[in-house]
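Chains as they are written, first to last, in the working numbering: chain X, 1 to 298; chain G, 1 to 274.
Errors might be hidden in some of the hints.
Unchecked claim - A few chain X residues that don't get close to chain G, going by computed Cβ distances all over 12 angstroms:
hint: 1; residue: Leu-8
hint: 2; residue: Ile-24
hint: 3; residue: Glu-63
hint: 4; residue: Asp-199
hint: 5; residue: Pro-237
hint: 6; residue: Ala-245
hint: 7; residue: Leu-297
Said to hold, decoys possible - Part of the chain G face toward chain X, derived, beta carbon under 8 angstroms:
hint: 8; residue: Gly-25
hint: 9; residue: Leu-190
hint: 10; residue: Gly-245
It is worth saying that the hints were derived from the structure and are not from the lab. Keep in mind the model is a prediction, meaning the values are calculated, not measured. We put the beta carbon where it would ideally sit given N, CA and C, even for glycine.
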Amino acid sequence: MSVEFCGLSLAHPIINGSGTFDAIAARRAFGEGLAEAFPFAAYVSKTITLESRLGNPPPRLWETPAGMINSIGLPNKGLAGYLHEDLPELHAMRGDPSCSADGRSHPVPLITNVMGSTGEELARLVEACAGREEIAAIELNVSCPNVRTGLDIGADPRQLEAVVRAARDLTAKPLIVKLTPNAADVPQCALAAQAGGADAVSLINTLRAIALAPGSALARPWLGGGTGGLSGPAIRPVALAQVAAVAGRVTIPVVGMGGVQSAADARRLLEVGATLVAVGTESFRDPAAGARVARGLL
Amino acid sequence: MSAPDRVAAPFGRRLLEVAGVDRLGIYRVLRVADPDGPQPVAGQFAMLAAAEGWGGGEGERPFLPRALSIARVRDGEAHYLLEDVGPGTRRLCELTAGQQIWVHGPLGRGFTAPEPGRRAILSGGGVGIAPLAILQDQLEAAGHPTLVLLGFRDASRLPGAGLLRDARLASDDGSAGHHGLVTELLAAELERDPRALVYACGPAGMLEGVRVLCERAGVPAQLALEAGMACGFGACHGCVVPRRGGGYLRVCLDGPVIDANELDHVDAHAGAPA
Numbered sequence: 001m002s003v004e005f006c007g008l009s010l011a012h013p014i015i016n017g018s019g020t021f022d023a024i025a026a027r028r029a030f031g032e033g034l035a036e037a038f039p040f041a042a043y044v045s046k047t048i049t050l051e052s053r054l055g056n057p058p059p060r061l062w063e064t065p066a067g068m069i070n071s072i073g074l075p076n077k078g079l080a081g082y083l084h085e086d087l088p089e090l091h092a093m094r095g096d097p098s099c100s101a102d103g104r105s106h107p108v109p110l111i112t113n114v115m116g117s118t119g120e121e122l123a124r125l126v127e128a129c130a131g132r133e134e135i136a137a138i139e140l141n142v143s144c145p146n147v148r149t150g151l152d153i154g155a156d157p158r159q160l161e162a163v164v165r166a167a168r169d170l171t172a173k174p175l176i177v178k179l180t181p182n183a184a185d186v187p188q189c190a191l192a193a194q195a196g197g198a199d200a201v202s203l204i205n206t207l208r209a210i211a212l213a214p215g216s217a218l219a220r221p222w223l224g225g226g227t228g229g230l231s232g233p234a235i236r237p238v239a240l241a242q243v244a245a246v247a248g249r250v251t252i253p254v255v256g257m258g259g260v261q262s263a264a265d266a267r268r269l270l271e272v273g274a275t276l277v278a279v280g281t282e283s284f285r286d287p288a289a290g291a292r293v294a295r296g297l298l
Numbered sequence: 001m002s003a004p005d006r007v008a009a010p011f012g013r014r015l016l017e018v019a020g021v022d023r024l025g026i027y028r029v030l031r032v033a034d035p036d037g038p039q040p041v042a043g044q045f046a047m048l049a050a051a052e053g054w055g056g057g058e059g060e061r062p063f064l065p066r067a068l069s070i071a072r073v074r075d076g077e078a079h080y081l082l083e084d085v086g087p088g089t090r091r092l093c094e095l096t097a098g099q100q101i102w103v104h105g106p107l108g109r110g111f112t113a114p115e116p117g118r119r120a121i122l123s124g125g126g127v128g129i130a131p132l133a134i135l136q137d138q139l140e141a142a143g144h145p146t147l148v149l150l151g152f153r154d155a156s157r158l159p160g161a162g163l164l165r166d167a168r169l170a171s172d173d174g175s176a177g178h179h180g181l182v183t184e185l186l187a188a189e190l191e192r193d194p195r196a197l198v199y200a201c202g203p204a205g206m207l208e209g210v211r212v213l214c215e216r217a218g219v220p221a222q223l224a225l226e227a228g229m230a231c232g233f234g235a236c237h238g239c240v241v242p243r244r245g246g247g248y249l250r251v252c253l254d255g256p257v258i259d260a261n262e263l264d265h266v267d268a269h270a271g272a273p274a
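Assemble the whole structure, with the sequences as input and the hints as a guide.
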């Protein structure tokens, strides 16, 4: 079951999607029961930004057929808070030798997800992560608008390649690019990330969506942030299509995700070319979903 | 306060069996057999989802589990008070004895006992009376007398009062007790003797009324909030309410029981999904 991924040795191919499992919060809710059965082979942080963010005003959630829309707005402590407070705590948790699904001692590598809205912000984030031994790999969230053009950086292959290249020059750690599905040509974006020096790509992020306020005569957005991202089994066929298309074009490893609820779903993504599979929304419904999916792959 | 305000949940959802469903007017008391589950602190909640038929209801929902206060723990069963207000609660109301249910909990932060010299006033509205029942059980077992004030919209909901003992009632339609709001009963009690700790759970408008009333009277209050949430354990950041002084609190992790003075205000629109 163990998997090699960008030079990391993982106990199994199941990790979490960024922003779908808060290990520090989970320890408050579950106590030591979490450390005894940590569900993921690597742990991906929430998106960290340079400055702290409070996130979007509520409401932040909307339930859809077979899924949900979230408009959370990337609340986080900012780079300094993450490095000083959260990273040491996460490292101590993953240092527990019982933190593996197969009972053997695979320490759970930490992957830090970062997002910068300018090249300078991203450079500071990547440099800071590059200097920390606790961080095994860096994931770039490129689903953010360019402050000048308003277009998502990750949706424009030329911009994306430049951003990835700039980050590449700042770290020797594995660099994963989290692709946006809200692009005209996702495989082209994946190739751009590869050309920029990415070690892997991960997809799919949530699909842009809105919900309208119920009972309102005028069409008015329900979510405090206006638009949100659709996730859950509703997007699984889209994920399968995009992962298959990307895996058929790039030579670097692919982390596939989108609506995975079972080992059968994960196997489908592996079959079309993913090296790892991330579980996201299903962890909301069952915090141990990652372990269940991993066990089912045995 | 030395007793803990939360117990940890077993990691992962558990498949349990419905022991029975009782009617209390339009409400249902869902009884789930859980002989091995942890003893919750009053005010904690669980995420519930029917094992079968979860999805495919109105609008092809529900998808997410639903957060329900633990109303009582007795004889190896956990009780939940339900009102059919949407596809999730509707499906839970339809369950019958012997069917299976996914339960994930107890979660969140519960109530804490009053300091000596303060009497406990339990003030609830509608289906929100649920966590006050287990609170009354736990406070009285610890030797704290309780005064219970409950408000309901109409006669079809009044039987819910049977969940607690010795309740004084208010009703919007005047069908029983005080014709008006439960916060009016509370205001009179605080006027009479402000050496109290108020425990409240109910609709957002009522909780905001309790918060303002207690702030003006200088009386501490612990509010059990409701919010739409996806996970119940701090992962989704979907259930936030505004914190006094800026920023947000996660209802699932920092609450659902939150000291009134930690809140900026009680917001009405965190309610979905139902």
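A quick look at each hint next to the structure:
1. Residue-level check passed: Leu-8(X) sits 23 angstroms from the nearest beta carbon of chain G, beyond 12 angstroms.
2. Not every CB of chain G lies more than 12 angstroms from the CB of Ile-24(X), the least distance being 8 angstroms, so the non-interface label is violated.
3. A cut-off of 12 angstroms between C-beta atoms contradicts the statement that Glu-63(X) is not in contact with chain G; the least separation is 4 angstroms.
4. The beta carbon of Asp-199(X) is kept farther than 12 angstroms from every beta carbon of chain G, the shortest such distance being approximately 27 angstroms.
5. For Pro-237(X), the condition that its CB be more than 12 angstroms from all CB atoms of chain G holds, with the nearest at approximately 15 angstroms.
6. Distance check on Ala-245(X): its Cβ is at least 27 angstroms (rounded) from any Cβ of chain G, clearing the 12 angstroms threshold; non-interface status holds.
7. For Leu-297(X), the condition that its CB be more than 12 angstroms from all CB atoms of chain G holds, with the nearest at approximately 17 angstroms.
8. Annotation: Gly-25(G) was flagged as interfacial toward chain X, and the flag is violated, the nearest CB pair being 26 angstroms apart, outside 8 angstroms.
9. Annotation: interface hint on Leu-190(G) violated; nearest CB of chain X at approximately 30 angstroms, more than 8 angstroms.
10. For Gly-245(G), the shortest C-beta to C-beta distance to chain X is roughly 12 angstroms, which exceeds 8 angstroms, and the interface hint is violated.
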